[in-house]
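Protein chains: 2
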Amino acid sequence: MNIGLDMMGGDFAPVEAVKGVRLYLTQTENPANLILIGDEARLGPLLAEFEIPAHQAQIVHAAQVIDMHEHPTRALKEKPESSISVGFKLLAGGKIDSFISAGNTGAMLVGALYSIKALNGIQRPTIATIIPKENGDTGLLLDVGLNADCKPEHLNQFAILGSLYAQHILGIEKPRVALINIGEEEGKGNILAQSTYPVLKENSSVHFVGNIEGRDVFKNKADVMVCDGFTGNIILKLAESLYEITQAKSIRHEYLDQFNFEIYGGTPVLGVSKPVIIGHGISHELAFSNMIALAQKMIDTNLVNIMKNSFEGEGNEPTLNDRL
Amino acid sequence: MNIGLDMMGGDFAPVEAVKGVRLYLTQTENPANLILIGDEARLGPLLAEFEIPAHQAQIVHAAQVIDMHEHPTRALKEKPESSISVGFKLLAGGKIDSFISAGNTGAMLVGALYSIKALNGIQRPTIATIIPKENGDTGLLLDVGLNADCKPEHLNQFAILGSLYAQHILGIEKPRVALINIGEEEGKGNILAQSTYPVLKENSSVHFVGNIEGRDVFKNKADVMVCDGFTGNIILKLAESLYEITQAKSIRHEYLDQFNFEIYGGTPVLGVSKPVIIGHGISHELAFSNMIALAQKMIDTNLVNIMKNSFEGEGNEPTLNDRL
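Just so you know, the protein sequences line up as chains R and Y, in that order.
Sequential numbering from 1 applies to the first sequence in the working numbering.
Sequential numbering from 325 applies to the second sequence in the working numbering.
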């Protein structure tokens, strides 16, 4: 198993990425082999300094870097030697089994959608985030920003993808799926939520438990929470800011510590043909290490194939009805 | 000045409402005259017990109560003697200058929209909430649930109504208006946000400062934050749950205390022809007292007339273009 890591992505790369690699290798019983993508001249001395064994991690040189604020498609085109471009080339060619970067999010999404493609039957790949629950458990929220405008069938697919992720990665046997809404009863909400409810209710491949409201997001009411990417992104960033604000104010509590995104590593892209994980720009050692561990788990559990089988055949239908 | 208060609304009515009346009367220098609407047989002894002076507060009998879970329009029709129905009758007839209830939210909204009507030119009345900022200031968020699906012109009107509220009630001289979005630059977001940005930019009657993201909601980036009622309701309820969760876990800090909605009293309905305030079902003494104080301020500042003048003439146009 080879996991590719963009060593140049993120505000604190490459040092924090190298430290993350060390942390992962020292604390993992059967670590994957790592392919470290980036500027060889900078990485070489760092790997030596942090004593990363060459039989566990090898450098693949990438002469360019896509900056955080570059235009994604343009940058991918104009910088074929960038660490992100090289990473997706290795992933598409089967040289690595998963690709991770804390670099330009847009470039990662474009790369995931265009170099390795969506699974057959998937209308819209999605990105998900872990939400810490009041009781110490974790739930999955999706979509968190890839699809700002959605149709009911998209949310229905997110529910399936999220359930499989919760089952195989989070270890939740029968994940409860809820629709994020502004009322508890069926019929409540905006047009999208009103139209999505019956679709989820009819979907026998997920365990739909109904609507949940904003006040339930951090409570133990559902394991998989689906919404459009506009709503999900606002919830995600709001949750992240809570950690930031409480840290800045020295409000300390183990519950608040759970809002530290580094614990969860990064955001998996779901519905594409290979595991891709996007890290936060401000990722440190812990986030990098956890992203590698997550990639390993996604490969170990064969999650992408499970998702593929679940949508098998759907791609053969002439059209998927969008019910909105 | 007569302020009408539904004494039967909310989970802890009428006792907490009576205590709220006492708190308001004892701590206000020039209190308004209060009209207490509800079951005379229950209220009489309570007012005596809490020593509410008859020259400052008089009971208007209402024989019925609309329960929290009744269907709003049906309940208003079938219970003409309910405290909410009586309240709106008094308000429409000019016997009271403002009406407050912590009862059935839906019935309050229907009452506000149909017994006292929207101001000329207002396409959609809206409800707003105070959001505590990291630096101790407060901002206004709207819509928080009255309008689940919106068009750009609705958000534009919310921006104007919110600015006037921030100016006259919150005392912010030149309120910064921001659009809640999932990216900072113009062109980002869902279709609604993309189409609303240019409308707000062109609106010379508000001080538009651009997009803000979920992570900025609790920060001091804007005074008035506009969004559709679906998004706003989820933010509102999530913020409320933070207070609940941190209280339950005994995480105490003055910053978290600001999330106690009772400080702000209730949610004003903006864009209607009289001040109406809707309280939370779990309102206690402090919330009731603060709602009365807010009603008084809305009357004192003549906010409704200021809003009316701001939209004057718009009602005469044949149609208002919805640009979505």
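One should not assume that every hint holds.
As the list claims (entries may be wrong) - DEER-style ranges, computed between Cβ atoms:
1. R/Gly183 with Y/Ala387: 49 to 57 Å
2. Y/Asp461 with R/Gln58: 47 to 55 Å
3. Y/His393 with R/Asn33: 57 to 65 Å
4. R/Gln27 with Y/Gln351: 34 to 42 Å
5. Y/His393 with R/Val15: 51 to 59 Å
6. Y/Lys401 with R/Gly187: 17 to 25 Å
7. Y/Phe374 with R/Pro198: 47 to 55 Å
To be verified - Straight line, CA to CA, 30 Å or less: simulated DSBU-like cross-link-like pairs of lysine-lysine:
8. R/Lys133 with R/Lys219
9. R/Lys133 with Y/Lys441
10. R/Lys237 with Y/Lys561
11. R/Lys308 with R/Lys297
12. R/Lys133 with Y/Lys543
13. Y/Lys413 with Y/Lys573
14. Y/Lys441 with R/Lys237
15. Y/Lys457 with R/Lys219
16. Y/Lys545 with R/Lys219
17. R/Lys77 with R/Lys174
18. R/Lys237 with Y/Lys403
19. Y/Lys401 with R/Lys219
20. Y/Lys561 with R/Lys188
21. R/Lys133 with Y/Lys632
22. Y/Lys525 with Y/Lys498
23. R/Lys237 with Y/Lys632
24. R/Lys237 with Y/Lys413
25. R/Lys249 with Y/Lys403
26. R/Lys79 with Y/Lys573
27. R/Lys249 with Y/Lys525
28. R/Lys174 with Y/Lys543
29. Y/Lys441 with R/Lys249
30. R/Lys249 with Y/Lys561
31. Y/Lys632 with R/Lys221
32. Y/Lys543 with R/Lys237
33. Y/Lys512 with R/Lys188
34. Y/Lys457 with R/Lys133
35. R/Lys249 with Y/Lys498
36. Y/Lys498 with R/Lys188
37. Y/Lys525 with R/Lys219
38. R/Lys174 with R/Lys201
39. Y/Lys343 with R/Lys188
40. R/Lys221 with Y/Lys525
Calculated directly from the structure, the hints in this document are not laboratory data.
These figures come from a predicted structure and were not determined experimentally.
Yeah, the Cβ is synthetic: ideal placement off N, Cα and C, and Gly gets one too.
Tested hints:
Take R/Gly183 and Y/Ala387: their Cβ atoms lie about 30 Å apart, and the range 49 to 57 Å is violated. Between Y/Asp461 and R/Gln58 the CB atoms are about 53 Å apart, so this pair conforms to the stated range of 47 to 55 Å. Here the CB-CB span from Y/His393 to R/Asn33 is close to 59 Å, well matched to the stated 57 to 65 Å. Between R/Gln27 and Y/Gln351 the beta carbon distance is about 58 Å. The supplied range of 34 to 42 Å is therefore violated.
The beta-carbon spacing between Y/His393 and R/Val15, approximately 57 Å, falls within the hinted interval of 51 to 59 Å. With their beta carbons about 20 Å apart, Y/Lys401 and R/Gly187 fall inside the hinted range of 17 to 25 Å. At roughly 50 Å, the beta carbons of Y/Phe374 and R/Pro198 sit within the given window of 47 to 55 Å. Note on R/Lys133 and R/Lys219: the hinted pairing holds, with a Cα-Cα distance of about 5 Å set against a maximum of 30 Å.
Proposed proximity of R/Lys133 and Y/Lys441 is contradicted: the alpha carbons are some 42 Å apart, above 30 Å. As the CA atoms of R/Lys237 and Y/Lys561 are separated by approximately 16 Å, the hinted pair is consistent with the 30 Å bound. Taking the CA atoms of R/Lys308 and R/Lys297, the gap is near 17 Å; set against the 30 Å cutoff, the hint holds. Between R/Lys133 and Y/Lys543 the CA atoms are separated by roughly 23 Å; this keeps the pair inside 30 Å, and the hint holds.
The straight-line distance between the Cα atoms of Y/Lys413 and Y/Lys573 is roughly 44 Å, outside the 30 Å bound, and the hint therefore fails. As the CA atoms of Y/Lys441 and R/Lys237 are separated by approximately 37 Å, the hinted pair breaks the 30 Å bound. Distance hint between Y/Lys457 and R/Lys219 is fulfilled; the C-alpha atoms sit about 23 Å from each other, no more than 30 Å. Proposed proximity of Y/Lys545 and R/Lys219 is supported: the alpha carbons are some 28 Å apart, at most 30 Å.
For the given pair, R/Lys77 sits about 43 Å from R/Lys174 by alpha-carbon distance, which is inconsistent with the 30 Å threshold. For the hint linking R/Lys237 to Y/Lys403, the alpha-carbon distance of about 44 Å lies beyond 30 Å, and the restraint is violated. For the hint linking Y/Lys401 to R/Lys219, the alpha-carbon distance of about 37 Å lies beyond 30 Å, and the restraint is violated. Under the criterion of a C-alpha separation no larger than 30 Å, the hint pairing Y/Lys561 with R/Lys188 is consistent with the structure, at around 15 Å.
At roughly 45 Å between alpha-carbon atoms, R/Lys133 and Y/Lys632 are farther apart than 30 Å, so this suggested pair is violated. The hinted pair formed by Y/Lys525 and Y/Lys498 meets the criterion: a straight-line CA distance of about 16 Å does not exceed 30 Å. Using a Cα cut-off of 30 Å, the hinted pair R/Lys237 and Y/Lys632 is violated, with the two alpha carbons roughly 36 Å apart. At roughly 44 Å between alpha-carbon atoms, R/Lys237 and Y/Lys413 are farther apart than 30 Å, so this suggested pair is violated.
Between R/Lys249 and Y/Lys403 the alpha-carbon distance is near 50 Å, which puts this suggested pair outside the 30 Å criterion. Between R/Lys79 and Y/Lys573, the direct Cα distance comes to roughly 50 Å. Violation of the 30 Å bound is thereby established for this hinted pair. For the hint pairing R/Lys249 with Y/Lys525, the CA-to-CA distance comes to about 34 Å; that exceeds 30 Å, so the pair is violated. Annotation: proposed proximity of R/Lys174 to Y/Lys543 is violated, straight-line Cα distance about 38 Å (limit 30 Å).
With a CA separation close to 45 Å, the supplied pair Y/Lys441 and R/Lys249 exceeds the 30 Å bound. Of the supplied pair hints, the one linking R/Lys249 and Y/Lys561 holds, its CA atoms being roughly 23 Å apart against a limit of 30 Å. About 44 Å separates the Cα atoms of Y/Lys632 and R/Lys221, which puts this hinted pair outside 30 Å; it is violated. With a C-alpha separation of about 12 Å, the suggested pairing of Y/Lys543 with R/Lys237 holds against the 30 Å cut-off.
Our distance criterion of 30 Å between C-alpha atoms is met by Y/Lys512 and R/Lys188, whose separation comes to about 28 Å. Proposed proximity of Y/Lys457 and R/Lys133 is supported: the alpha carbons are some 24 Å apart, at most 30 Å. Proximity of R/Lys249 to Y/Lys498 is assessed by CA-CA distance (about 28 Å); at most 30 Å being required, the pair is judged to hold. With a C-alpha separation of about 36 Å, the suggested pairing of Y/Lys498 with R/Lys188 is violated against the 30 Å cut-off.
With a C-alpha separation of about 38 Å, the suggested pairing of Y/Lys525 with R/Lys219 is violated against the 30 Å cut-off. Of the pairs offered as hints, the one joining R/Lys174 and R/Lys201 holds, with about 16 Å between alpha carbons and a cut-off of 30 Å not exceeded. Distance check on the hinted pair: Y/Lys343 and R/Lys188 sit about 34 Å apart at the alpha-carbon level, beyond 30 Å; violated. For the hint linking R/Lys221 to Y/Lys525, the alpha-carbon distance of about 40 Å lies beyond 30 Å, and the restraint is violated.
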